[in-house]
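In order, the protein sequence lines correspond to chains A and B.
The letter at position 149 of the first sequence is residue 149 when you use the UniProt record's numbering, and the numbering goes up by one with no holes.
The letter at position 120 of the second sequence is residue 120 when you use the UniProt record's numbering, and the numbering goes up by one with no holes.
Some hints here could point you the wrong way.
Given that identical chains are not distinguished, each listed pair holds provided it fits within a single copy or across any two copies.
Pairs of lysine to aspartate or glutamate, DMTMM-like flavour, derived with a Cα cap of 25 Å [as the list claims (entries may be wrong)]:
no., residue 1, residue 2
1, K61, E118
2, K56, E11
3, K56, D66
4, K61, D92
5, K56, E118
The set of hints was computed from the structure by calculation and includes no laboratory data.
There are 2 protein chains.
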Amino acid sequence: MLDTKSSYAIEQQLHFLREIDQLKSVIRKSPLIDQSRRENSAEHSWHLAMYAFILKDRSDKEINIDRVIKMLLIHDIVEIDAGDHPIHETTDNSAQEEAEQQAAERIFGLLPTSQGEELKALWYEFEAAESNDAVFAKSLDRLQPLIHNVATEGGTWVEGKVTHEQVEQRYGSVISGGLRRFGRW
Amino acid sequence: MLDTKSSYAIEQQLHFLREIDQLKSVIRKSPLIDQSRRENSAEHSWHLAMYAFILKDRSDKEINIDRVIKMLLIHDIVEIDAGDHPIHETTDNSAQEEAEQQAAERIFGLLPTSQGEELKALWYEFEAAESNDAVFAKSLDRLQPLIHNVATEGGTWVEGKVTHEQVEQRYGSVISGGLRRFGRW
């Protein structure tokens, strides 16, 4: 990755780092646990990286925890252009995918080429949800809002009239795909 | 780390993960770049982890980037109990250190023992600012607010009547301790 060491590269890297500050203004459906406000996608990404760090021994399959953490740090950056789309809302999935891919091109494209490609590949891997690392990362991305909703007595589920069956269907298989069954979960 | 696999351990881990949600409500001095509000310590931690990921080739010394990222993810968690103390404010440093150490004991102490000890050791290493990983992490912790203040035409420096010399003194040596000189910096 020689192109990350040039003096032009630092301008590109700092541009990218300033640009992603906007992820702090993308507001999600899920509230903070104290319900004082809704969570933004930057602090959500931090929390998920911490979920990965803490629950790393709970993956069903062999994972590289350092890759999982990086994947989770960048997984929502495309929302700066494409917005957040909660799983309980009906949206045009192919238009959404298209918007996210364009966002990935633009935002990761701010970086020096080799680094931009590295991040894009990691993001596509997360989206594809096929590799062990991506399956584990995706399961945490479902687990965290579930924990928040349980801690806030239903939270966005009550608000959005989401049924028990819908919760099972939309969270269950993704979570159990990446995490060993534990305790009462 | 066998004790992280028990069924009681998962309760401890989820307790910790719920507890650290409060870092999203610790408000720092630095504004977002768009100046819409001040930054909180959770999203700041995400941003710093991204700084490390992107600028990893810019350390003066050999570093383990995965340890640096983990260090930055946890570096502010003690603020949940001890609050944020900007470098330009005069505070009783020994009382502050004491409060942070107590916070580390309490919060990391929520985890299964071996994991709590691992995180505490990583946090103490960051605080000591002696290892290559900690020196690099600390330099990023100074660089990010500096970039914000430059991007917002002085930001909290103007507000707090901080002089050019104070900026040099409080940021300069820490940043140049961990990062190779680049471009106009």
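Going down the list of hints, with the structure as the test:
1. K61 <-> E118: both (24 Å within a copy, 23 Å between copies)
2. K56 <-> E11: Answer is between; shortest inter-copy Cα gap is 15 Å, intra-copy 35 Å.
3. K56 <-> D66: Answer is both: 10 Å inside a copy and 14 Å across each meet the 25 Å cutoff.
4. K61 <-> D92: neither (32 Å within a copy, 48 Å between copies)
5. K56 <-> E118: both (23 Å within a copy, 13 Å between copies)
Violation of the numbered hints given earlier is confined to hint 4; every other hint is satisfied by the structure.
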